[in-house]
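Engineer: Listed below are the residues making up each chain.
Number of protein chains: 2
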Amino acid sequence: MALTVQKYGGSSVANAERIKSVARRIAAAKDKGDRVVVVVSAMGDTTDELIELAYQISENPDNRELDVLLSTGEVVSSTLLAMALHHMGYPAISLSGAQAGIKTDSAYSRARIQGIESRRVIKELEKGNIVIVAGFQGISEEMDITTLGRGGSDTTAVALAASLGAGMCQIYTNVDGVYTVDPYLIPEARQLLEIGYEEMLEMASYGAKVLHPRAVELGELFNVPILVASSFTDSPGTLIHGGVSMEVRNKARSIAYDLDVAKITVVGIPDRPGIAAAIFQPLAVAGISIDTIVQNASINNITDLTFTVAKSQLGNAMEVIKPIADSIGARECASDSKLGKVSVIGTGMQNTPGYAASMFEALSEKGINIQLITTSEIRITCIIEEARVEDAIRALHRVFELDIAK
Amino acid sequence: MALTVQKYGGSSVANAERIKSVARRIAAAKDKGDRVVVVVSAMGDTTDELIELAYQISENPDNRELDVLLSTGEVVSSTLLAMALHHMGYPAISLSGAQAGIKTDSAYSRARIQGIESRRVIKELEKGNIVIVAGFQGISEEMDITTLGRGGSDTTAVALAASLGAGMCQIYTNVDGVYTVDPYLIPEARQLLEIGYEEMLEMASYGAKVLHPRAVELGELFNVPILVASSFTDSPGTLIHGGVSMEVRNKARSIAYDLDVAKITVVGIPDRPGIAAAIFQPLAVAGISIDTIVQNASINNITDLTFTVAKSQLGNAMEVIKPIADSIGARECASDSKLGKVSVIGTGMQNTPGYAASMFEALSEKGINIQLITTSEIRITCIIEEARVEDAIRALHRVFELDIAK
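So the protein sequences, as listed, match chains A and B. The first sequence maps to residues 0 to 405 in numbering that gives the first Met the number 0. The second sequence maps to residues 0 to 405 in numbering that gives the first Met the number 0.
Keep in mind that the hints were calculated from the coordinates and are not lab data. Where hints are given, some of them may not hold.
Each pair may be met inside one copy or between any two copies, as identical chains are not told apart.
[Claimed, not checked] Straight line, CA to CA, 27 Å or less: simulated BS3-like cross-link-like pairs of lysine-lysine:
id : residue 1 : residue 2
1  : K337      : K208
2  : K122      : K102
3  : K126      : K19
4  : K208      : K122
5  : K208      : K126
6  : K102      : K126
7  : K321      : K122
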């Protein structure tokens, strides 16, 4: 019998009515004769509310306790979903991450799944139960509850699909699927029916919020196709998989953006070995995530180093970086917190000249100044003024003909 | 080193400020050098809110799922309390009922503790941690989460105190201790500094809400003294223990009452063996709890049977009882839903004549009609009109001189 793994996000289970509606979708899958495993996020804003509660107690809540606290959100929604299925006459059982055998390391708040001991899930499936697994959480070797951090429930779902040998992982969310660009911003945005893992990974990493890059990576690693679709409509969604046809791949596919970009430039650094480590090691110790790093070509053994951080971390980063800049003899530290990031993504760009030039030209025509450029084989990213990001997206969407189905 | 077990109720941890205040009390106990185990209830109305959520999903929520759902309330408060202690610089760890080794049977929503596997608690105490245990919950042999039902967190605390060999179990709540009668009703109510297990058990069973009878029974069984005190003040509280002096015991000690009383009388029953079973067996099957049962002396082999139920169960009980009354040839079924129950309690009443007479006389002087009478060795209970309960309490409190410290 086929096995279906579905995941429902927080907005899909935000209240009793929506939970009942999700239960009807699950029941429909079960009616097809499938064995069904469902991963569920916490209801609506529950996680944020629990975090707020923790911060009312302490500005620096203990990591272990915070993970136990947050894990209750998914336990609540999973039990309610199981109740809704019972109410409809479908046998169902909720399992916590620990009961479902999600084994993780002990890195609280950002634990990594080390393996899945799926005995209990299989036992419940064999009894005929629909198994509802609380997402976002696992259990460490010391039998303590951990949470997986951002994108945790998506990751739980893909990991379960991989471990149970499901043919697909269905991620139900509040959007219809993956678009060429944010449809709230650009009405001409077009939904993609399929997309490759790598493209999706770049999109997710560079600002598209529909699916977390961790889940995409896991899907690619275990070759689990991931369907992203709406839990509110019956639209077909977007299938993320490895078998995307060459024809479809042969072009720019989408535009991602991110408005949470601040830049720090350390100006006039003596260019000698060990400088990069001297700068980035203390930032890592301070828990500051660095995004893009660009180092200019050295002139007279003097170089500039620029990197970007989230806006909320700019203050901390500057505090860490200033004394270091002084100690290594840099001339100054400059920062800019009003930046954004625009990326054009597509495996079709690989080995195909002209995409970068077209992108730069399109921005130039709109009078948009490019501050930093970074690229991967299937992505070109420009960091520009935050206020011009929307103009840039609009221009690029048109130039690369993303509004036209091909 | 001495071991202290404390329990804090839902109103004591209803918000972040109160949780911090409770943490300060716990820290003070720890400062005395004691090893400290704390049992905590869910914050404020959390449990009621979760129940409401479940009933929005289904009018008959699955028992197993409901227990998992409700157990999250105590997990939340226990993690927040641990965070508050961390914030004050005290090492602390929260444990779920399962992690604390509270082993129960599988009777969801009213599980009984079968034993405590206290290895983890002891390990954490030996590490120097204050151990915060989520109350009201345990784990069945099948590794499923259970809840203990009413009075669950009190029961967890006393059971832990017994199993860990603590000298006392301290129950902190929103009242100063045990009173001669409800102080909200009778301003002359006097706080008792100590009281015996049996008296407390009768009081708890007959309407005093300060402590659940299960916890008192467990305290008596394992000879664990229980201190009931306020978490908001520094009043000394009331010690429930087995060593209460004869002098103190030698009188009526307190008055309990309960306004949730409805009465059913089956009139004109042929008095033959098996009749009581024929009536009460179906009520038990329907899940209706019977409180007092009184059968009148049989006249001409015809008898009347009267029993009381909670008001909310009267409708159900009448539906069950009417066809049975017909089938056994009873004349009629009458019910009255506007009743209350008043009890005078005290070990001093044992083997001492005159208490019952004084009680009946006091009620008679006030023109209060007694509908039913039941007694134990240390308690006399009268069921009377609900509207007269307050008058009755007032009169009895005075007649038995409960307002005067002796």
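Engineer: Look at each hint and say if it fits the structure.
Structural biologist: These are the hints, each one checked on the structure:
In this assembly of identical chains, the alpha carbons of K337 and K208 lie at most 27 Å apart only when taken from the same copy (21 Å versus 60 Å across copies). Taking CA atoms no more than 27 Å apart as the test, K122 paired with K102 passes in both settings, with 18 Å inside one copy and 23 Å between copies. Proximity of K126 and K19 under a CA criterion of 27 Å is satisfied intra-copy only: 23 Å inside one chain copy versus 46 Å between copies. In this assembly of identical chains, K208 and K122 lie within 27 Å of each other by CA distance neither inside one copy nor across copies; the values are 35 Å within and 43 Å between.
In this assembly of identical chains, the alpha carbons of K208 and K126 never lie at most 27 Å apart, being 37 Å within a copy and 43 Å across copies at closest. For the homomeric pair K102 and K126, the shortest alpha-carbon distances inside one copy (23 Å) and between copies (25 Å) are both at most 27 Å. In this assembly of identical chains, the alpha carbons of K321 and K122 never lie at most 27 Å apart, being 58 Å within a copy and 45 Å across copies at closest.
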